[in-house]
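> Given next are the chains, with one letter for each unit.
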Amino acid sequence: QKEVEQNSGPLSVPEGAIASLNCTYSDRGSQSFFWYRQYSGKSPELIMSIYSNGDKEDGRFTAQLNKASQYVSLLIRDSQPSDSATYLCAVNPGDSNYQLIWGAGTKLIIKP
Amino acid sequence: NAGVTQTPKFRILKIGQSMTLQCTQDMNHNYMYWYRQDPGMGLKLIYYSVGAGITDKGEVPNGYNVSRSTTEDFPLRLELAAPSQTSVYFCASRTGGQETQYFGPGTRLLVL
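Top to bottom, those sequences are chains A and B. My numbering applies: residue 1 is where the first sequence begins, and numbers increase by one. My numbering applies: residue 113 is where the second sequence begins, and numbers increase by one.
With the rest of the complex left out, here is chain A (with noise of 0.2 Å):
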């Protein structure tokens, strides 16, 4: 069965710090990997996706990506307190254009 695991904290971390978030998947052929935020009581909104095997960077936010280790991660630098959140990290296992493999969360706390 195709999995994606992710510790599921709380992760807790001082503000200004980098907080680092981590996922592994189990399906090698995965093309496509993406992290999804979710405040409490709301839904998922997309802040990263990344495709392949390196770093992408978009603001105080970087996805890694290494398929040969199967673990994609998520750094955010100079984390704020509006960065607590859950982090939902989701796979395409590329089998299916239609579904994602989802990640059951990171709680992360940003200490003021």
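Hint data in this document are derived by calculation from the structure and do not stem from the laboratory. Note that beta-carbon positions come from the ideal geometry of N, C-alpha and C, so glycine has one too. What you were told as hints is all true, and nothing was included just to trick you.
Computed Cβ-Cβ distance ranges for the label pairs, DEER-style:
no., chain 1, residue 1, chain 2, residue 2, range
1, A, Gly54, B, Pro217, 27 to 37 Å
2, B, Leu192, A, Asp78, 43 to 53 Å
3, B, Pro151, A, Lys2, 16 to 26 Å
4, B, Met139, A, Glu5, 28 to 38 Å
5, A, Ala68, B, Pro120, 41 to 51 Å
Using the hints provided, position chain B relative to the given structure of chain A.
Same frame as chain A, but now just chain B:
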């Protein structure tokens, strides 16, 4: 442009009752999805649709039905509600060319 809208926001059902969760998108997206999210868990796919008249089962379809008569609407029907269907239900949509899914605000359902 309202995006993805869902009604109702919250509903309490008695065991054995039925209801329809409504989902509408105004972005002309072909793909639409229904997920459920239990506390502390990731998203589980119930049903999805790749266009009007075409639907398919996801990971957890039992106890649910869907229809897609128009591009805009994708209602989810619960027959004979059970306590195990207590959850938050999210509808999402995307275009065929991009994998980003856009979510509605969710419906919180409590079955007692």
